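There are 2 protein chains.
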Amino acid sequence: MSRPKNDTFLRALLRQPTPYTPIWIMRQAGRYLPEYNQTRARAGSFLDLCKSPDLATEVTLQPLARFPLDAAILFSDILTIPDAMGLGLYFAEGEGPRFERPLREEWEIRDLDVPDPTTHLRYVLDAVAQIRRALDNEVPLIGFSGSPFTLACYMIEGRGKTDFAETKRMLYARPDLLHRILEVNARAVIDYLNAQIEAGAQAVMVFDTWGGILSHAAYHEFSLRYMQQIMQGIARSRDGELVPRIVFTKGGGLWLESMADIGVDALGLDWTVDIGAARRRVGERVALQGNLDPSVLFASPEVVRTEAGKILESFGKGAGHVFNLGHGVSQFTPPEHVAMLVDAVHELSRPLHAA
Amino acid sequence: MSRPKNDTFLRALLRQPTPYTPIWIMRQAGRYLPEYNQTRARAGSFLDLCKSPDLATEVTLQPLARFPLDAAILFSDILTIPDAMGLGLYFAEGEGPRFERPLREEWEIRDLDVPDPTTHLRYVLDAVAQIRRALDNEVPLIGFSGSPFTLACYMIEGRGKTDFAETKRMLYARPDLLHRILEVNARAVIDYLNAQIEAGAQAVMVFDTWGGILSHAAYHEFSLRYMQQIMQGIARSRDGELVPRIVFTKGGGLWLESMADIGVDALGLDWTVDIGAARRRVGERVALQGNLDPSVLFASPEVVRTEAGKILESFGKGAGHVFNLGHGVSQFTPPEHVAMLVDAVHELSRPLHAA
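Protein chains in written order, with my numbering: chain A, 10 to 364; chain B, 10 to 364.
A few of these clues could be false.
[Claimed, not checked] For the chain B half of the interface with chain A, some residues (derived, Cβ under 8 angstroms), not all of them: (1) 61; (2) 100; (3) 174; (4) 177; (5) 178; (6) 181; (7) 225; (8) 260; (9) 263; (10) 267; (11) 281; (12) 283; (13) 309.
[To be verified] Which chain B residues stay away from chain A? Per the calculated CB distances, all over 12 angstroms, these: (14) 70; (15) 102; (16) 116; (17) 167; (18) 176; (19) 180; (20) 247; (21) 248; (22) 250; (23) 293; (24) 302; (25) 323.
Hints listed in this document are in silico derivations from the structure and should not be mistaken for laboratory results. Keep in mind that this is a model prediction, so the values were computed, not measured. Glycine included, each C-beta is placed from N, C-alpha and C at the ideal position.
Generate coordinates for the entire structure from the input sequences, incorporating the hints supplied.
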């Protein structure tokens, strides 16, 4: 397992010089690509697609065949861990993820156990290994997990919500129970990410999709604290190569200073944050990943190029920026606009990296 | 029209000393109150309730009969303006607001016109006047409007969304059209709030419920700029009394510095912001209103008291804090918990205002 030929992504995460700003795109293997939809139709359900290492490898590589992206990301779901805990993940057609057996009773929470990734999540590790072989060291592979708090939201509610009222209710009325879930989740994420690193993931990202619904104090106590445990518990390197870590709390722009302190290499930013201001706040400590509004990709290629240029300019000269969207790419995005974005970022960023 | 007997709310907005921290609650006249549900059932629909000055007065006063709140807020909807523009506001049972005729065509946007509040929104002005008479100068009455951008979101999409993709699409693909809508909306809000002030509103608040979905740059260009126009266009005082202005952008915690600059007296804060940190950022320029997570009210009265105390302590000593939730009160809130909150804020804040 040697260094990938294109290591701009890994270098940027470690704030090392690169000739241009690397880019990958959250949900880059997704429904905006016709070839993805074809593979998914062959697979049956979304979950069947995740659980087949062959098909997960196929879709992981699809965006890389189209666009000169600087990283691949494991095709999987953020909710594989609670599924492995026995909660029964499924996807209702046209809706988001759901659990057959959400946590309703105190004894269910007491009985929660950390799943062994080498058995219950074997399919993920097999996919990581197979994708690494298929990538042939062209670009690095990102492994990932949902954050303990984000997993808990779905485990408690049984599905996505806008307010996660049951989770909040537990947080204020029975914080001991929520802490119990989060402790188990944190240990599960540590084991899971370590297993992904062992299987070949060259960087890891924790998606804290719902941490942004919390108050300032609750975010620190119920989300960030457990992500810090994860950073302490996962391998720093493998085969002598550092494995950079990224944490992304959607809606977490107010908390970047404390996020930068938990042992991460990079912070993901949603599009509400001015990336230049974020860099002034934390850019001496961590790299930044982001943060184009995915809606920009609905506009013309000219607008895409202009808006991408604004973000590059806002970050400014020098190392430590990985370009991305501020959220997953929409299924209604024209693939040509993604092509334009990738080219624009590569081209427009070169002067910012000149010696 | 003399000064209300309890003017703590008005004084706090102007950062003048008060004996305790005043409190009111967003959506304080709402579905968590059985008496509200009874009046609403009598009214027929939610919109019938808004459009009847008698019934709007009745429900506006209901929470004040229960709790020693320091302000009343006009019972109305944020979407009355587009309704008056002819878009046909209605409420599907159990769902949010919708428009029968959202803006679909360019000519519809070109044809948009500022409604005359004294005709099309007469029912609101009548309600303001009637509520003022019913309040008998006990506490001040807050008038309000949706922000130009928030109105535009609903006018374009026809209903609430989580991402407002059509609005974003227009923002990036046809910014000229969105600006046209926003200009009309800003003029409409100015006329509407001036008419409310003329009818007796003693403070005004602009609810920018959806500004927080925008990028940093887009927020300033498409939401804040038009709220600034409103602040420039509305009356500063009536009958020799200042009419304080509050602006609340949900999810706007990153932008407090620029929000404080548009001619407002106070900024509303959602619960993601640490109010003490917000005060250090802008507290020399504006008062702050907020910011308890409404979910705290699901917990026990003891937790409600503790969490309210934390916010009061975080703001700290001295003038310039109006206590509120960080969002509207949930319909599932036990009214006794609201009673506990109001009492706790009044009691726990007194030492913070001691000379």
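Hints, verified against the model:
1. For residue 61(B), the suggested interface contact is broken, since its CB lies about 30 angstroms from the closest CB of chain A, more than 8 angstroms.
2. Checking residue 100(B) against chain A by beta carbon gives a least distance of about 18 angstroms; that is not within 8 angstroms, so the hint is violated.
3. Below 8 angstroms, beta-carbon pairs count as interface contacts, and residue 174(B) has one with chain A at about 7 angstroms; its hint therefore holds.
4. Hint status for residue 177(B) relative to chain A: holds, with the closest Cβ pair at about 3 angstroms, below 8 angstroms.
5. The beta carbon of residue 178(B) comes within 4 angstroms of a beta carbon in chain A, closer than 8 angstroms, and the hint placing it at the interface holds.
6. Hint on residue 181(B) holds. Least Cβ distance to chain A is approximately 4 angstroms, under the 8 angstroms limit.
7. This hint holds: residue 225(B) has a C-beta 4 angstroms from the nearest C-beta of chain A, less than the 8 angstroms allowed.
8. Because the beta carbon of residue 260(B) sits about 7 angstroms from the nearest beta carbon in chain A, less than 8 angstroms, this interface hint is met.
9. Proximity of residue 263(B) to chain A holds as hinted, the smallest CB-CB distance being about 5 angstroms (cut-off 8 angstroms).
10. For the restraint placing residue 267(B) at the interface with chain A, the shortest Cβ-Cβ distance is roughly 11 angstroms, beyond the 8 angstroms limit, so the hint is violated.
11. A cut of 8 angstroms between beta carbons decides the hint on residue 281(B): the least distance to chain A is about 6 angstroms, and the hint holds.
12. For residue 283(B), the suggested interface contact is upheld, since its CB lies about 4 angstroms from the closest CB of chain A, less than 8 angstroms.
13. Restraint check, residue 309(B) versus chain A: the minimum CB separation of about 7 angstroms is within 8 angstroms; hint holds.
14. At roughly 28 angstroms from the closest C-beta of chain A, the C-beta of residue 70(B) stays outside 12 angstroms, upholding its exclusion from the interface.
15. With a closest Cβ-Cβ approach of about 19 angstroms to chain A, residue 102(B) is found to remain outside the 12 angstroms limit, as its non-interface label requires.
16. Non-interface call for residue 116(B) relative to chain A: holds, since the shortest CB-CB distance, roughly 22 angstroms, exceeds 12 angstroms.
17. A cut-off of 12 angstroms between C-beta atoms confirms that residue 167(B) is not in contact with chain A; the least separation is 17 angstroms.
18. Residue placement check: residue 176(B) does not keep its beta carbon more than 12 angstroms from all beta carbons of chain A (closest about 9 angstroms).
19. Against chain A, the non-interface label of residue 180(B) is violated: not every CB pair exceeds 12 angstroms, the least being about 7 angstroms.
20. At roughly 36 angstroms, the least C-beta separation between residue 247(B) and chain A is larger than 12 angstroms, which holds for a residue marked as non-interface.
21. Distance to chain A confirms residue 248(B) as a non-interface residue, since its nearest Cβ pair spans about 40 angstroms, more than 12 angstroms.
22. With a least beta-carbon separation of about 35 angstroms from chain A, residue 250(B) lies farther than 12 angstroms from that chain, consistent with its non-interface assignment.
23. Residue 293(B), annotated as away from the interface, keeps every beta carbon of chain A farther than 12 angstroms; the closest lies near 20 angstroms.
24. The claim that residue 302(B) lies off the interface is violated: its Cβ sits roughly 5 angstroms from the closest Cβ of chain A, which falls inside the 12 angstroms cut-off.
25. For residue 323(B), the requirement that its beta carbon stay farther than 12 angstroms from each beta carbon of chain A is not met, with the minimum near 9 angstroms.
Checked against the numbered hints given earlier, the structure breaks hints 1, 2, 10, 18, 19, 24, 25 and satisfies all the rest.
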